[in-house]
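Just so you know, the protein sequences line up as chains A, B, C and D, in that order. Each residue of the first sequence is one higher than the one before, counting from 1 in the working numbering. Each residue of the second sequence is one higher than the one before, counting from 1001 in the working numbering. Each residue of the third sequence is one higher than the one before, counting from 2001 in the working numbering. Each residue of the fourth sequence is one higher than the one before, counting from 3001 in the working numbering.
These aren't lab readings, by the way, just hints derived from the structure by calculation. Hints should not be assumed to be uniformly reliable.
To be verified - Computed Cβ-Cβ distance ranges for the label pairs, DEER-style:
(1) B:Glu1111 to C:Ala2314: 29 to 37 Å
(2) D:Arg3208 to C:Ser2289: 51 to 59 Å
(3) D:Arg3130 to B:Ser1033: 51 to 59 Å
(4) A:Ser24 to C:Ser2289: 48 to 56 Å
(5) B:Glu1097 to C:Ser2289: 31 to 39 Å
(6) B:Glu1111 to C:Asp2308: 37 to 45 Å
(7) D:Glu3182 to A:Glu28: 25 to 33 Å
(8) C:Arg2179 to B:Gly1143: 41 to 49 Å
(9) B:Ala1021 to C:Asp2308: 49 to 57 Å
(10) D:Arg3018 to A:Glu16: 37 to 45 Å
(11) C:Ala2066 to D:Arg3208: 43 to 51 Å
(12) D:Arg3131 to B:Glu1111: 18 to 26 Å
(13) D:Cys3325 to C:Arg2131: 47 to 55 Å
What the hints assert, rightly or not - One side of the interface only, derived from the structure: several residues of chain C facing chain A at Cβ under 8 Å:
(14) Val2053
(15) Asp2058
(16) Ser2061
(17) Arg2073
(18) Gly2076
(19) Ala2128
(20) Arg2131
(21) Ser2132
All of these numbers come straight from a predicted model, not from anything done at the bench. Ideal Cβ placement from N, Cα and C applies to all residues, glycine included.
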Amino acid sequence: MTGMASNSLYNQAIIEEAKAAVGSGTIETPHVSVRCDNPLCGDRITLEALGNNGHLAEVAHRTRGCLLTRAAASIAARHARNLDTAGIEAALQQLDELLSGNKPLKEVWPELAIFRPVASVRSRQDCVRLPLQALSLALAKLGKTSNP
Amino acid sequence: MTGMASNSLYNQAIIEEAKAAVGSGTIETPHVSVRCDNPLCGDRITLEALGNNGHLAEVAHRTRGCLLTRAAASIAARHARNLDTAGIEAALQQLDELLSGNKPLKEVWPELAIFRPVASVRSRQDCVRLPLQALSLALAKLGKTSNP
Amino acid sequence: MSSTLKKAFPIFASRTERFHYLDSAATGQICAAAAAALLGYETTARANVKRGVYPLADAASNAFDAARASIARYIGIDDANEVIFTSGTTMGLNLLAHCLTAELAPGDEILLSELEHHSNIVPWQIAAARRSLIVRAIPVKKDGTLELAAIEGLLSARTRIIAVAHTSNVTGAISDTSRIAEAARAAGAYFVLDGAQALPHGPVDLKRLGCDAFAASGHKMFSATGAGIVWMNKELAHRLPPFLSGGEMIRTVSLKGSTYAPPPHRFEAGTPPIGACLAMGAAAEWLASLDWTAIESEERRLTRRLLDGLSATAHTTVLGPAGFCHRRGIISFDVDGVHPHDLCQFLGDRGIALRGGHHCAQPLMERFNLAATTRASLALYNDDADIDALLEGLESAVRLLR
Amino acid sequence: MSSTLKKAFPIFASRTERFHYLDSAATGQICAAAAAALLGYETTARANVKRGVYPLADAASNAFDAARASIARYIGIDDANEVIFTSGTTMGLNLLAHCLTAELAPGDEILLSELEHHSNIVPWQIAAARRSLIVRAIPVKKDGTLELAAIEGLLSARTRIIAVAHTSNVTGAISDTSRIAEAARAAGAYFVLDGAQALPHGPVDLKRLGCDAFAASGHKMFSATGAGIVWMNKELAHRLPPFLSGGEMIRTVSLKGSTYAPPPHRFEAGTPPIGACLAMGAAAEWLASLDWTAIESEERRLTRRLLDGLSATAHTTVLGPAGFCHRRGIISFDVDGVHPHDLCQFLGDRGIALRGGHHCAQPLMERFNLAATTRASLALYNDDADIDALLEGLESAVRLLR
Ligand SMILES: Cc1ncc(COP(=O)(O)O)c(C=O)c1O
Ligand SMILES: Cc1ncc(COP(=O)(O)O)c(C=O)c1O
Chain A
1 MTGMASNSLY NQAIIEEAKA AVGSGTIETP HVSVRCDNPL CGDRITLEAL
51 GNNGHLAEVA HRTRGCLLTR AAASIAARHA RNLDTAGIEA ALQQLDELLS
101 GNKPLKEVWP ELAIFRPVAS VRSRQDCVRL PLQALSLALA KLGKTSNP
Chain B
1001 MTGMASNSLY NQAIIEEAKA AVGSGTIETP HVSVRCDNPL CGDRITLEAL
1051 GNNGHLAEVA HRTRGCLLTR AAASIAARHA RNLDTAGIEA ALQQLDELLS
1101 GNKPLKEVWP ELAIFRPVAS VRSRQDCVRL PLQALSLALA KLGKTSNP
Chain C
2001 MSSTLKKAFP IFASRTERFH YLDSAATGQI CAAAAAALLG YETTARANVK
2051 RGVYPLADAA SNAFDAARAS IARYIGIDDA NEVIFTSGTT MGLNLLAHCL
2101 TAELAPGDEI LLSELEHHSN IVPWQIAAAR RSLIVRAIPV KKDGTLELAA
2151 IEGLLSARTR IIAVAHTSNV TGAISDTSRI AEAARAAGAY FVLDGAQALP
2201 HGPVDLKRLG CDAFAASGHK MFSATGAGIV WMNKELAHRL PPFLSGGEMI
2251 RTVSLKGSTY APPPHRFEAG TPPIGACLAM GAAAEWLASL DWTAIESEER
2301 RLTRRLLDGL SATAHTTVLG PAGFCHRRGI ISFDVDGVHP HDLCQFLGDR
2351 GIALRGGHHC AQPLMERFNL AATTRASLAL YNDDADIDAL LEGLESAVRL
2401 LR
Chain D
3001 MSSTLKKAFP IFASRTERFH YLDSAATGQI CAAAAAALLG YETTARANVK
3051 RGVYPLADAA SNAFDAARAS IARYIGIDDA NEVIFTSGTT MGLNLLAHCL
3101 TAELAPGDEI LLSELEHHSN IVPWQIAAAR RSLIVRAIPV KKDGTLELAA
3151 IEGLLSARTR IIAVAHTSNV TGAISDTSRI AEAARAAGAY FVLDGAQALP
3201 HGPVDLKRLG CDAFAASGHK MFSATGAGIV WMNKELAHRL PPFLSGGEMI
3251 RTVSLKGSTY APPPHRFEAG TPPIGACLAM GAAAEWLASL DWTAIESEER
3301 RLTRRLLDGL SATAHTTVLG PAGFCHRRGI ISFDVDGVHP HDLCQFLGDR
3351 GIALRGGHHC AQPLMERFNL AATTRASLAL YNDDADIDAL LEGLESAVRL
3401 LR
């Protein structure tokens, strides 16, 4: 039933994005640091960030996860600079629409389109969401700190 | 499946025996008194007895129960005088064989044969056993008292 | 109409002998939709839920969540994740008694009623003994309904929980939930509703009923044996500790200690009764599609016929509400001088399925000074032939057995 | 032989696409005998058990007791009334953890192992927290078997319970029950055996295994989801307090207090998962009729093929015993650089059903310093084609995903 669609789950784009691992690493003295777990598999992303007036200035992440999580983390890191709460909300909405099988209203992060096949595999959708949730959490935490 | 056999469950003999209610009543100063409950339905038999050297001398019972329990109580009371542990064991064995659908080896209490149809109705078998168990319990209790 | 409905229940076509099933309060017959969901899952689509990623497992997890959503709709709840799967009402009430009393202090009070099923009594008694709580009970009026005038006197500043049945499984009496909800709110107590006998009679709207927690069984709403649900309001669900523990309800486990998943998973330890859960979802969907105005009026008509017929039968007394507004078609009666089990056996051998006994409600039996009653309980598949058979059979039973 | 056996499992005939089911440790596929018992009861013979007297109810009660007897025979127990029906292993272990610790004093000790399923850890942790007990764990050796040499050092004068799995659901390692039983006897502790992964691999003889209590699930032994069993020795069963409470487990209930029925009923509150219990009885009967010498040797042959094939696959490491004497065909492995869920998804889309994750055994994952593994678990219906498909698929997965 979901066989056909998810056959193409591991398209070249996802694999390459995962291997690119943009933003992988650490920040020496981050303003905030967050950790997100996927209880399904124990996958984990640790994200460190520097902020600037409610926007992200720099992020680095260590991601222990599947290709989907790693690809999403890489995309997220690519778009992190200058991101604010509205920006991550828009990206999350685009992702949720994609994962529900709908055509997103706005293509805020075009690369997210590579996750379209995940729409047919509900059990893996949290893998894709995890890195974006980490960004969202980091921004929320940043809002509560008095960073420059 | 059990329909046919239990159609004849309420044969005239059982109904008449229940209505006969032999031994129904109380004893003023019994040597022993026992109470047996059927948890399935809350039925209860209270049995009082006088003993004589390990035998029953006299019994009286108050039975709140269905026709099966009342008929069995009546038969049990009819055979109670002079009954000892071996006697009640033999009667219980005859009953159990009847209720398993087998032909009893010994017909110690011939009237028990009226319960043959109950062999096909497992849920009601305890109704028939209850009065005999009360007798057995009374005898056991008698054995522990120092009655004349 | 019930003849069309009857076709949706495989058992009736399968019986070649006379079969008048009047024991739906003990267990309903399974509807075709539930049977198909059960069999379909168990024989051709089986995989464990919640953790697998291969297509069969993903599909099973999706079906499991869809069943949750169907049941949520049937009980008027917006967020399907507020529905917790259990193995039945009894398990659900144990869960609630355990988790809700975990927060109470010695001397706190729980208010039940005299008409409760043992499953809504004993778990509270056990919790009360463990935590030194006090259990009180709303008395029952002569007509089988709750004596709600007594409720103010029974409430105290220490009352923390009121737990009562929506519908009595003995007399069919329906509780005045809005008055109880109001009393609970005023007292600052949680209102737990035992919905076992409510769901078979149509969709409910828990928000309107005003309870904080609810338990029910699938097998009584025409689904498979082995599954049920608990609903609690979100705030409670997120706050309360787990009851059963093990696989699927944890976040992390180490030998030093463990942390728990959010609800509903926190309350669903181990492999769930997946087939029966899917069946319950299918039953809820099917039931929700029916015309309940028509079904209710038919149930009332049959109930009236049965009540009238029983009143006209010699030596026979009916328990419970005489009217039709505050009752369901669950009718207990006493035939003077005839033991309920003799009656049930005699009529059972004539194809009429009734239940005799204390119906797991001994305190109510005591209230009415009876050891046992005979009970006929109606469901959406019953018809005039069932009532005729019962009334005719009863006549001969009284003649022969009394 | 497995092709004949395969015919006894409806799912295989129903699948038109490639279907290599290698996730039987999560849930087995249902056998035709169990499916027939389940469906027969639910759709054409349904009545509640234990209290009804009409023929359908009497027949259901008889069938329920017969299922108890079939399971008793399958586990080597003479008295069927020692078998307690539950909703599954998790529920059974919760029951045992609750009831067995009810007797313990603060400071008493419970000995588990590092390889336990969460269901045999968390209930004991919760009970320990409530009653101030101490939980210790037998370490696991590098090959996945228990470090039984450590057991003497872990036992103390306060050890009251030893609870371990018969068979690891991660590595397939079989515990040396006779040594553990001996240690328990010497310490005066009760020996609780988690038999969830034992029963799918043939009948057991609990008397020979030497445990005092045992829990298992029907769905893992090719029966329906929703039922399981607990066995305890008679002395324990008669002494221990109940766990769940409600209907069917009582002797008397009044609002002042209640008394309990003897076992097994004391431990079976509420309407049981009747259909799934009957199915479990049918599965036990069918399983008992098979030639287990042949099935075991086939399982070993396939396990050896799989272990050899995995060892020959690049970047792949197998967990658990290398030999075939102390293991079942449950094989966890790690592919360096490939996430188990990617592997399971990729192979799942090619019709191969595997499980990836921590397998509800996080402490064992920690022991091996892994977040998750990929697991292939064999059952009596697997054959060479399943092994071929897995090994071939794995090759391409490693090529593509790594
Ligand atoms: C009012 C009420 N509560 C609780 C129960 C217990 O339900 P179950 O046996 O399905 O757990 C019943 C079942 O008869 C009931 O009628
Ligand atoms: C060893 C072991 N114990 C306990 C369980 C829990 O069984 P269930 O989920 O059927 O309750 C499992 C299931 O995976 C298991 O493998």
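message: Taking the earlier hints as the rules, which of them does this structure contradict?
response: As far as the earlier hints go, 3, 5, 7, 8, 9, 10, 12, 17, 18, 19, 20 and 21 are violated by this structure, in ascending order.
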